[in-house]
Amino acid sequence: MAARDDGVFDPEGVAWTRVSPRLATVRRIGSLISHLVLLVPAVVVAVATDTPWVVLLWLPLAAHLVLRLVVIGRQVAALGYAEREDDLLVRRGLLFRSLVVVPYGRMQYVDVSAGPVDRRFGIATVQLHTASAGTDASIPGLPPAEAERLRDRLASRGEARLAGL
Amino acid sequence: MTTPDPAPRPAPAPAPGDPRGAGPVEEAPEADGTWKRMHPVTPLVRGWAVLAVLLFFVLQQGGGDLLPFGGDEGGPPREYVGVALLIQLGLLGVGALLIAAWSYVTWRVTRFRVGDEVVELRTGVLNRQHRRVRLDRLQAVDVVQPLVARLTGLSELKLEVAGGSGSDVSLAYLRSAEAQRLRRTLLARAAGVRVEEGQEAPEAPEREVLQVPVDRLVGSMLRSGWTVAVALVVVAAVVAVVATGSPGFLVGGLPAAFGVAAGLWGSFSRGFGFRIAASPDGLRLRHGLTETRAQTVPPGRVQAIRLSQPLLWRGPDWWTMQMDVAGYASASSEDAGKATVLLPVGTREEAVRVLSLVVPDPGVDDAAAVLGAGLTGTGTAAGWVDAPRSSRWLDPVAWRRNGFRVTRTALLCRRGRLTRQLDVVPHERTQSLSLEQGPLQRRLGVATVVAHATPGPVTPRVDHLAAPAAAALLAEQSHRAATARRSAGPERWMTALAAEQGAGTPDPSAGGAPVPTTGEEPAGPPAAPADAAAAAPEGAAEGGATTTDLDAGATPPAVDPSLERPGDHHGWARPDGRPGTPEGP
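For the record, the sequence lines run as chains U and S. Residues in the first sequence are numbered consecutively from 1, following our numbering. Residues in the second sequence are numbered consecutively from 1, following our numbering.
Simulated from the structure, these hints should not be mistaken for laboratory data. No residue lacks a Cβ here, since even glycine has one placed at the ideal position from N, Cα and C. Hints may contain errors.
Label pairs and their in silico Cβ distance ranges [said to hold, decoys possible]:
1. U:A133 with S:R275: 23 to 33 angstroms
2. U:A133 with S:I99: 50 to 60 angstroms
3. U:P41 with S:A236: 41 to 51 angstroms
4. S:L311 with U:Q75: 34 to 44 angstroms
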């Protein structure tokens, strides 16, 4: 949570909803896979050319992996969203923080998506699209029921405030 | 998705010449016109390049093969050459026939239909496409004439709608007169004016705002960074040649020189004869030397504006303006570069005039001072909020310029010390906002606020504001962005006024004569309701600015105060008509 923050990313009177901690598990699995995949060519080369030290080249990646595994938990904890009367707030990031505010009336459409691993762990991503490509209002790590509720809610609020572009 | 029609149409006044009366606006969006085809010459105009290449090939081959006929030393036997030539010509002929057949079929299946609510376009031979565009979602209408089309008296009519790439509807090619007529009809219908089938939509009156003289266009190009770069390269090359005595350096620079020349020619050709006019239909831009383009951007469709001034334009105090229009983002990048220029080069006074046209209500009392500080100023003059001194580590050159000013109607962001920039975003056009902070920024206690506009050249943002100021801006701006739209005008810009007038409807028949084709001011009475509407409190109060002024000009029965108003409406200029004076360092 933004405890040591000077409040910049914590507007007054906003009750943040956190995303599911299962998102951290999913992201850890993804990170693990992407790093381990790179171990394969190293091992192949090491075996084929009989130069076992080649595997050591993977070590920096291993260090990065450990770092990722630690950081992912905190990153997921930093993710939050809040539905206000007129707009949706999405907050993310530890090192590079961002807070996106999207008025419901500007919403063009809402996406709900879930990959295979996401589905296995029971989470989904809700993404709000406006007419601007710059709007990055995606909320990952929502339980499917909450994702659907949010989608319907955003859609209905958007409709009530709809005003073209 | 149905558009809430904010202007319930009153019962149509019985008018002569209109037996049917005005139908309801919210009919099923069916195009009820007849299917029409493009002009038959279209394939030739589209494929003239292919044709030229083919012709060139034939002539070259033919010529090359015919030449050896004269002497028979070393060449292949006569009859052999003749047969080869015949085969070649035959193949070419078959190819040409195939292409011609394909072009004919493509032309044959491409049909369009214009209804009251929608335009439909059918294209494609193998992959058929049937596109239907709602007219109230029209973002801009362009009439484009490439050189070949101009020679043949044809035009392309482009209907821009917001959407992904390739979402525009291109009707190419039509007879120029037909394209103009269709443009008028579409704009009138998009505005909510009902045009009966077979009835001619009137041309909305327009008032010319400014022209860009050719000498200034050339001057602006001479003062561009490109020219300086070219001069430096030439000097370097000459020095190198003189020093080494070998002309190789000059030859080496040729491709670069060609590239620069092409770029310069492109911007000259685009900006040539640039004219801006105001009409109830919105902004009219006309420009182009070889390829001419006449753009119409209806009221409220400009999402954001950027004024910028390269270093060398400071002497004459010239500015260039770009705009974000949702429809133009979907055009190809090359096309978008042509369409998003609001003013290629203009004096500050002209830039202010154009700005006043697009954002008529500055939303502040001392607009000229605010604008002056935004264009050239630094610090906190005229109510600007600037970046703190600590941000000099992140932006050593321009940190003093970074800043913003919020007025009742728009957000202004300024930046850039060498190339000065000022972005103006009406509140009701802000799509979303974000606050961003990297680790360095956090150490220095600053943060960046980004306003998201529709895709385009203008990307408004304020870098490195003091963190509390940034948070405050985000809070205030998100509130404004969410609420400003409530008072904004309707998608069909002419319906607003009709609703306010009560008696009138946007139906041209109800108002007797439709909008006249000339801009002359009618005497007395008709002007009164329009003035009243322009002064109506709602809409003018907050956010509705973009639409208020032009809407006021959109009264069906003839008036158009917008054509007269800028005289008594100062916009962003000083009351005495002078733009803000520079307040630079």
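Is 34 to 44 angstroms right for how far apart the beta carbons of L311 of chain S and Q75 of chain U are? About 42 angstroms separates the Cβ atoms of L311 of chain S and Q75 of chain U, which means 34 to 44 angstroms holds.
Do the beta carbons of P41 of chain U and A236 of chain S sit within 41 to 51 angstroms of each other? Because 47 angstroms falls inside the window, the suggested range holds.
So does A133 of chain U sit 23 to 33 angstroms from R275 of chain S, Cβ to Cβ? Check passed, 31 angstroms falls within 23 to 33 angstroms.
Does the Cβ-Cβ separation between A133 of chain U and I99 of chain S fall within 50 to 60 angstroms? violated, 38 angstroms
The structure fails hint 2 only (numbered hints given earlier).
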